[in-house]
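A.B. asks: Listed here are the chains, written in short residue letters.
Protein chains: 4
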Amino acid sequence: MKNILVEKINNVPIEEQKVEIVERKGIGHPDSLSDGIAEAVSRALCKEYLRKADAVFHHNTDETQIVAGRAIPEMGGGEVISPIYILLVGRATKSFNDISFATDTLALKTARDYIREHFNNLDVESQVAIDCRIGEGSSDLKDVFASKSVPKSNDTSFGVGHAPFSETEKITYEIERNLYNTLRNKEPSIGEDIKVMGLRDGEDIMITISNAIIGRYIDDMEGYKEVKEKIKDFAMGVARRHTERSLDIQVNTADNYDNGEIFLTVTGTSAENGDDGSVGRGNRCNGLITPCRPMSMEATSGKNPINHIGKIYNLLSTQMAREIAEKVDGVQEVYIKILSQIGQPIDDPKAVSTQVIPKTGNEVKSLEPDIKAVVEDWLDNIIKIREMVIAGKLDTF
Amino acid sequence: MKNILVEKINNVPIEEQKVEIVERKGIGHPDSLSDGIAEAVSRALCKEYLRKADAVFHHNTDETQIVAGRAIPEMGGGEVISPIYILLVGRATKSFNDISFATDTLALKTARDYIREHFNNLDVESQVAIDCRIGEGSSDLKDVFASKSVPKSNDTSFGVGHAPFSETEKITYEIERNLYNTLRNKEPSIGEDIKVMGLRDGEDIMITISNAIIGRYIDDMEGYKEVKEKIKDFAMGVARRHTERSLDIQVNTADNYDNGEIFLTVTGTSAENGDDGSVGRGNRCNGLITPCRPMSMEATSGKNPINHIGKIYNLLSTQMAREIAEKVDGVQEVYIKILSQIGQPIDDPKAVSTQVIPKTGNEVKSLEPDIKAVVEDWLDNIIKIREMVIAGKLDTF
Amino acid sequence: MKNILVEKINNVPIEEQKVEIVERKGIGHPDSLSDGIAEAVSRALCKEYLRKADAVFHHNTDETQIVAGRAIPEMGGGEVISPIYILLVGRATKSFNDISFATDTLALKTARDYIREHFNNLDVESQVAIDCRIGEGSSDLKDVFASKSVPKSNDTSFGVGHAPFSETEKITYEIERNLYNTLRNKEPSIGEDIKVMGLRDGEDIMITISNAIIGRYIDDMEGYKEVKEKIKDFAMGVARRHTERSLDIQVNTADNYDNGEIFLTVTGTSAENGDDGSVGRGNRCNGLITPCRPMSMEATSGKNPINHIGKIYNLLSTQMAREIAEKVDGVQEVYIKILSQIGQPIDDPKAVSTQVIPKTGNEVKSLEPDIKAVVEDWLDNIIKIREMVIAGKLDTF
Amino acid sequence: MKNILVEKINNVPIEEQKVEIVERKGIGHPDSLSDGIAEAVSRALCKEYLRKADAVFHHNTDETQIVAGRAIPEMGGGEVISPIYILLVGRATKSFNDISFATDTLALKTARDYIREHFNNLDVESQVAIDCRIGEGSSDLKDVFASKSVPKSNDTSFGVGHAPFSETEKITYEIERNLYNTLRNKEPSIGEDIKVMGLRDGEDIMITISNAIIGRYIDDMEGYKEVKEKIKDFAMGVARRHTERSLDIQVNTADNYDNGEIFLTVTGTSAENGDDGSVGRGNRCNGLITPCRPMSMEATSGKNPINHIGKIYNLLSTQMAREIAEKVDGVQEVYIKILSQIGQPIDDPKAVSTQVIPKTGNEVKSLEPDIKAVVEDWLDNIIKIREMVIAGKLDTF
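If you read the protein sequences in the order shown, they are chains A, B, C and D. With positions in the first sequence counted from 1, the corresponding number in our numbering is that position plus 3. With positions in the second sequence counted from 1, the corresponding number in our numbering is that position plus 3. With positions in the third sequence counted from 1, the corresponding number in our numbering is that position plus 3. With positions in the fourth sequence counted from 1, the corresponding number in our numbering is that position plus 3.
Nothing false has been slipped in among the hints.
The list treats identical chains as one, so a pair stands whether inside a single copy or across any two.
Taking lysine-lysine pairs in the DSBU-like style, the calculated list, with each CA pair at most 30 Å apart, reads:
no.: 1; residue 1: Lys11; residue 2: Lys173
no.: 2; residue 1: Lys387; residue 2: Lys50
no.: 3; residue 1: Lys155; residue 2: Lys375
no.: 4; residue 1: Lys228; residue 2: Lys155
no.: 5; residue 1: Lys330; residue 2: Lys368
Simulated from the structure, these hints should not be mistaken for laboratory data.
Only chain A is shown next, with the shape it has when bound in the complex (with noise of 0.2 Å):
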């Protein structure tokens, strides 16, 4: 019998609360670059390991360090002086038995690839500069992961999931998502790195972009403003969707038009300028920061699906919650902590503690035999949160 806890709380609904903050860092934002390289080389990692020798090996390729280049932004134009640089940094197995890894280079590629994929506007032929220093894992672990059976925790270590998401942190989520894939497909000027600040007080949402605009797409200062309009409105419609309290969403409000500082740059993101980032400090793995939910410092990027249990418990237990919260009526919002117990097989874990506020009317004891079908389906299946990380189905950031 797995150990699986279904208790209610008593905390105050997120809706209700008085202050509600939240956050999520762009696809181009520094930080969100160096999660996304980490997590795609990790994934290219998998993909390699299962083509030459049918298993995932063991490897972490969590800390893809990025030092912000220097850039000369310019309306119709402007240059990046002194490119991006980039170090991918981790461990990876290179070798099993007779079978070399191609490691290093396959990260280089992938890197270069996730780029090109996600930016129209940075060159990856010269403003960035990508070195590269994947050291060789532990070799005792080979054998481990070799094996074809359910891993052992690597750790004492836990994950954290909530659902459903407030207004406020769909909003932020949703804005981010829609400006960077449908407003920017329009707007060539609307650079990959956003940042979405979200303050509920009461009853008014305040919503904060922060958008890297593209110098070369724009005229004059007019031009800008006219681009910030746009994607306030676009913005603005979002939200809309998601909420019938007040909004009040403000644009780039460092700009200051009399000295001419204002977020224009060359490529779409700060990394052009100043602007350095690491992995793990932005977006949990739902794609949020926040503080008033409970967190887990883990980085969830680039670490390795098989057995890093702080990636798959953050992952299952988001999962999890959003699955209850869909399925389970009378189930206001659901708190999962998953702890793991060193040595184990990672489907066992030492507690999974399911923290529920009911809705009105509705109480937990009714709830639970639901909720913990939930619970033993996922714990059941947890190699399919591999599988979905391997095959790209898992957003980590």
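Once you have looked at the hints, place chains B, C and D on chain A.
C.D. replies: This is chains B, C and D only, laid out in the frame that chain A set:
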């Protein structure tokens, strides 16, 4: 009038919650080593700026990346084959008017000194290679920093703090502090890389200590086991001072005596062999990782203490919370959130939200004046935070 | 009057000396790759300076360091495990008045383009990591460089040149040039890394060719041997056009078929696996290493073509010698040495020493006017050297 | 019977040639610093291999790259703003059978120690950042190196040497040696970066000394001029011991007192500000650059002394030439060329060519037995070269 909110919250007090998880990464953990260097470099820059120009200029040195070395630990000896590589990353003001600042040289020296001071067995001459890629900070900011008035917020951000520590928090924190400061001086085989994980499950507190043991001071497996016993006994003594709950303490639980896989090192830190490290991925500025409490993702270490609002407000809210918990009778728990408004003086935040769980028999209303007094006093003297940071009197991790 | 000395020397003509040693490192040799990138970057900087500011500013990019990768070559395939690391080093003017130059970005792109252009099987996307540490050049020099007058010598230095090539020199040079330019296009397994060593012992010329063979185009050892045979036959054809002496040509003499150690590569260059490379350690600017002739140690590649006297005088003396040997009947061999005087215009060297071995029946005295005319003409048009360098019309290695 | 050729050559003796050019880059010149570190690291590896495994294993550490720092020198002080960056590059055997060698750690420590030992004012703690990218050497070679028999040639290559030094060569060499070893100890402002260029034009010898002066020991321009005077006088004294020709000595000829551009440094080497350095681009293994004499392009420093034929034969031919010039009466000048044959024992070269200019009244024929005896003796004891290298008794630059 500053916007200071004091409200009661209904949350279950931490000690009454069913499960509590706390973690501390000690001084010698690769992530803490990154934090420590980052903050030491920032402090050194502050002092140099003050010495030469009587002002602290813009800088952020919060991206130190540690790339693990390769070592072959052995009882009675062992060797580091490849040095740990440390890349100092960040931004600094390299000149102001006619004054040049030897930022990179200073950063290099500071990092080397920091390691010497905090590790007994890590040889900076041969086992660590340090490189520096600190770029020129934005020149626009120079004048801002030279000014003597209260600086303006550099971002829309926030800080969080809570007090007092729960038993599990105290124990987790104090075990590492005492191992590092006391037992390590008596027992030379105790390495600086100590991670303490505290888990409270109802009335049972389980502490897992992961402590790098230094091979040269150990003769054989018996010796190794003896040191683990010493650590356990010592930790039990420390823990017992803070709780009457049941205590279970385990040391280096991943050890496998059969195949000889134990936590043995040459230098006292796992950075020597496979464990990379980054700033901002370990302890929050109160010294702990507390997923059951509100946390900020902001890296505090290495940020400039002048106008970096994430750093300042995290430190400030922690100080406020501690002072309230200590001085205001009737407060059981207090949570502080301070929100900035970009462009406004940092002593005038958008809001200070003070959430209180009063002790039984107390009303928040009657505690409010004392609480507000503490908050206001800190806001009025916010410059003290900067001074304490520069003087090294505030921990950041 | 410029100080031009013409004298007869009694040396034994090169073809009559008993032993002659000549070497050429081909385009794909790691040292030549360094040279090639260094010079390409300098040319690109010159063009950019001219485009933006109508002047060529101070720079020297003559320190490209190549750190070999790690590869596992195989017949029919093979893989590069760790990429080749290339560090671009040097100095460049990054701004002049209000104009900024994107020096580092340009250097990075140029290096990548250079590799693409000169190698058929070296994948810049994954098999090469390029980093850039080009510092700011001395600002004192900026005005000097912006001036239109003949620049002044930057150093007390000299250049040397000789002509015509001996048979062994011609053969050594031409074999590599033809293998690279002709046979490589027909036989894809021929890598760009070709080293030719020519040794003449009296009337016997022995040529040793070391040529990286590319595994993916080779099925088995027989195929490998066939390619070596092709190279040998082809080289014999080239060599025979230049001599009637006895010829012995050997290819990849270090091959050991028994244990499988042959010169097989994935990419066509030994930089993929263990052979590092540096600027200035390979061919002199006439394309050869000729220990039996006067040589300068000065690295020509990557130096600025405006006032770097070592570069300019080495190229100039070689051009002078070649024109004299070609146009002045009666000259059997000519050696030119040009000495600078620091601070003097480069068209007014301290001395041009022209040492001549006349053909039998000729007096140096009577050749002197024609020789001097050539020397004077080149000095008068010394700017042509710069123009030819920038236009890529003068080889530097 | 070994192939030893002794022949007379008709060349004009060096002292009778019209023009002679000689150069020496002193210990503190960036190129020599690269050479020195490269060779020191190789020596340290040899000793460590011998200590642990009683054999010297394959390695070549001949690619140290120095990237200049940035400094602001001042009379009475000055500062290094950005440290000198030194990248240690090469190959080394990292394990043999069960023995691991701490190659990278050792290289790092050796480089640091080397700088401390050879510079009085270059602070390794803060002014130099050293990184290490020493790869694993080819494992095929391990057994070869463990063997005790005379190793086989690793390449088709050659070495050259000559003796005795001409007056200009002696003077050029000795001035640097004496400035470094003697005057520097009395006059602390004399930096280690000294370049001496010797030019003999008929009976006039002109010496140009370029010597970095250390600002902290100088009060003002008068003091600077005084030091230059001291250097000049001292050098004149040294030079006069070696010649009766006319002597002209100039120091720091590029100085411009009007605009304050003088050769002032903080540390004593121009690597602090703009002058990069590489192995193998400075002095040949006899300590000089002599374009009027046969030279090898091979970098001697950092190559392994076991089977790297370029290194061994360059050192060997120089030793042979010196002993012949010293011991065999009647020899005015001797030039040695030793050619290897790849795969043959190194004590059995393809040819040793000994070219002699006899003193007037001597026949080469009658000198031949004595000359051959010296050559044969050295060949028979070729292992002595290795031993002298490892013991640090043979200079390589």
